[in-house]
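Keeping their order, the protein sequence lines are chains A and B. All residue numbers for the first sequence refer to our numbering, where the first residue is 1 and numbers rise by one. All residue numbers for the second sequence refer to our numbering, where the first residue is 1001 and numbers rise by one.
Derived from the structure by calculation, the hints contain no laboratory data. Honestly, I wouldn't trust all of these hints.
As the list claims (entries may be wrong) - Under 10 Å between C-beta atoms, here's a sample of chain B residues computed to sit facing chain A:
(1) I1053
(2) A1060
(3) G1061
(4) T1071
(5) I1192
(6) R1196
(7) G1230
Just so it is clear, CB atoms sit at the ideal spot from N, CA and C, and this is done for glycine as well.
Here is how the chains run, residue by residue.
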Amino acid sequence: MPSNLVEKYFRTEKLPQIWCPGCGHGVITRSIVDAIDQAGLDKDKVCIVSGIGCSSRAPGYMDFNTLHTTHGRALAFATGIKLAKPELKVIVITGDGDATAIGGNHFIHACRRNIGITTIVYNNNIYGMTGGQYSPTTPKHEKGTTAPFGNIDKAFDICDLASAAGASYVGRSTAYHANLTTTLVKNALNNEGFSLVEAVSGCPTYYGRKNKKGNAVDMMNWYKDNAVTAAAAAKLSEEQMAGKILIGEFKNKPEPEYTSEYQKIIDKLAKGR
Amino acid sequence: MKKEARLMQGNEACVEGAIAAGMRFYAGYPITPSTEIAEISAEKLPYVGGKFIQMEDEIAGMAAVIGGSLTGLKSMTATSGPGFSLKQENIGYAAIAEIPCVIVDVQRGGPSTGQPTCPSQGDVMQAKWGTHGDHPVIALTPSSVKETFDLTVRAFNLAEKYRMPVLLMMDEVIGHMREKVELPDPSELEIIDRKRPDCDKDKYIAFKPDEDLVPPMADFGIGYRYHVTGLVHDETGFPSNSTKVADQLIRRLVDKIEMHKHDIIQWEEENTEDAEVIIFSYGCVSRAARTAMKALRDKGVKVGTFRPITIWPFPEERLLELAKKVKTIIVAEMNLGQMVLEVERICNNVTKIDRVNKVSGDIIYPEEIVAKVEEVL
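Start from the sequences and build out the full structure, keeping to the hints where you can.
This is how it looks when you write it as C-alpha cells:
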C-alpha cells in the first residue's frame, strides 16, 4: 500500500523539490514526517525552522508552520519561537555547514540550554548549495572546490559536539537507514529537552563526484556496508572502525527543559504577589 | 489622582515604555551603553508573564526576537554600535519577511569597539543603509528620558501597524541620563496591535497586502500554516525566481512606508517663525541646541531650532519649507556629518548649510553652537 505521508504532510503543489537526483535529503525528510506521524503531533502545533543550504529548503515543502531563516541562525530563531510559545513542537532542519560552521555558536548554546528543540542535521559533508566547498564535516584529506589539494582541517563529530555541549538526546543515522532515522527522530521528539539527530546524507553531485565515491546507488551501498551500530562497534578494533560510521542512539538522558524552567520563575513570581 | 514622579534613566524609561506598549519578549546580548535595557527587561518581564533570554551573541538576539514576534508576542532587542553592525543581516530579514519588532541602538563612539562609554550619533546612516538591499526603514530619536518612554511606545505601535522592524536610535547621554519623569497611566496610551487575519484558515494568503499595503499577520501555532522566508517571495510567502515578483515585493515594502510617511514622520520646531538661522539637531545634541538658541535670542539673534523625532523617513517637506525662509541651517551632530547629507540633499541651492561636528566622545556644548551661529551671521 502506498504511503499517505506525502499527501498528509507535504505541500504537494510545491513538489518536486529542488534537490539533485540521488540526493539523500528527500529520504531523511520523509523519515521526519514519518516520525511526526508516529508521534501523533498536531500539524498546527509543529513549527519547522531552517537556515540556508540544501537541507534548509526542506521546510518549504512541509505543511506546518515553516520558517526559512538566515544562514546558520535557524536555532537562534527557533529559540525565540520555543521560548515565546513553548506549546509549539519546534523542529530545526539544518546542514553540516549551517549548523556547525556559521551556526556553530548557536548550536552549542542551544545544546547547553537544553531547550526543547528537535534538531536534525542533514550531514552531506559538503556545501552543496554553493557548489561543493569543504565543510566542518568534510573528512581530512578529502576534496572540495575550496580544498582542491585535499582538506587539511580536522572534521567535527557532530554527535560528540552536541553531547559534550549538553544536548539531552543524541543519535545518528544515514539516508540508507530510513527506519532508524524515523525511530531516532521520534525518540528525539519525545524528549522534552534539546535533541540532536545527525542524518548522514549522500551528495553524489559534489561530495561524491569530487571524492570519487561513485554514483548515488554506490553511496547508498557504502552507507549500508559501512554504518556500524554501537553494539557491533564494541566488537571491532579502532583500526577496523576507521572510516566507518557509528549509528544509533548515543544519549537519551532527560534533563530539565529550558522553557519549563523559565515558566517556573514566572509562576513563582505570580504566587509571590 | 496625582501621578508618581520618578527619577529615571533613559534606558529604564525605554523598558517601561516597551512593557507599557505590550512587549512580552526580549532577547539580547550585554553591550555598553545599552546593558541596563537587558537587565531591567530580565527583571520586569517575568512579572507580566513575559520572557527574557540572554542569547549567545548579538546575531542570535535579533534572530530570537523575530522568532518571538512570529508567535504573536511583541518583541524587542537593544544594543550599541558593534552589536548593531552584527544584527544588520537579520534586521534585513525582518524587513523582507515583514516581522514587527523593535531594535534599540544606544549609540556610542565607533567604528569598531570605539568608545564604549561615550555618546555618539555615528549610526544614523547605518540605521538607513546598514543591511543590504533596498528596504523600508523607520527610525526614531529621543532627546529626553520622558521622550524615550513615549518613542518606545510609538516604536512598537509603528512596528505593529506597518509589520516591520522599527529602530529606536538613542545615544549614550539619553540612555544614561536621569530625569524626573511622570509616566502616563496605561489607559492614556494609544496601543496598536498588528492586524491579524480573520479569514478561513485555508484561505489565508500570508503576504497578500490590504489596501494599506500591509498584509495581516497570523501567529504561528493557531492553525494558519504558512511559510516565511528571507528569499524574495510572492504573496503566498513561497520563494519565487520571477523578476516581476521581486520588483513588486521590494517596491511594495518601500511604498508601504512612503504611503504612510505623514503618519510616521514627527518633528519639533521652536522659534522658526522669524528665524534667520535654524539649528538642526537630534537626540542629546538638541538639548545643547535649545540652550544655544535661548542664549542667542537673549542677544537678539533670530534663531530657531528644528529637531527630527523621526529621522527615517526624513521630515523633508517641512525642512524644505523652512529652508526657503532662513539664511542658514546649521546641522549639529556627534559624527563627522551624516544627517547633514540629507539636509544638503533637500536644501542645497535653497539656503546655506553649515555644520558643527564632534567625534571625540565628548558632547557638543551650547557655546560651540553659539559660536558657529555667530560665525555664519
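Right, here's what the structure says about each hint:
1. For I1053 (chain B), the suggested interface contact is upheld, since its CB lies about 6 Å from the closest CB of chain A, less than 10 Å.
2. For the restraint placing A1060 (chain B) at the interface with chain A, the shortest Cβ-Cβ distance is roughly 4 Å, inside the 10 Å limit, so the hint holds.
3. Given the 10 Å rule on beta carbons, the hint for G1061 (chain B) holds: about 8 Å separates it from the nearest Cβ of chain A.
4. For T1071 (chain B), the shortest C-beta to C-beta distance to chain A is roughly 4 Å, which falls under 10 Å, so the interface hint holds.
5. A distance limit of 10 Å between C-beta atoms decides the matter here; for I1192 (chain B) the minimum to chain A is near 20 Å, and the interface restraint is violated.
6. With a least beta-carbon distance of about 15 Å to chain A, the hint placing R1196 (chain B) at the interface is violated under the 10 Å criterion.
7. Proximity of G1230 (chain B) to chain A holds as hinted, the smallest CB-CB distance being about 6 Å (cut-off 10 Å).
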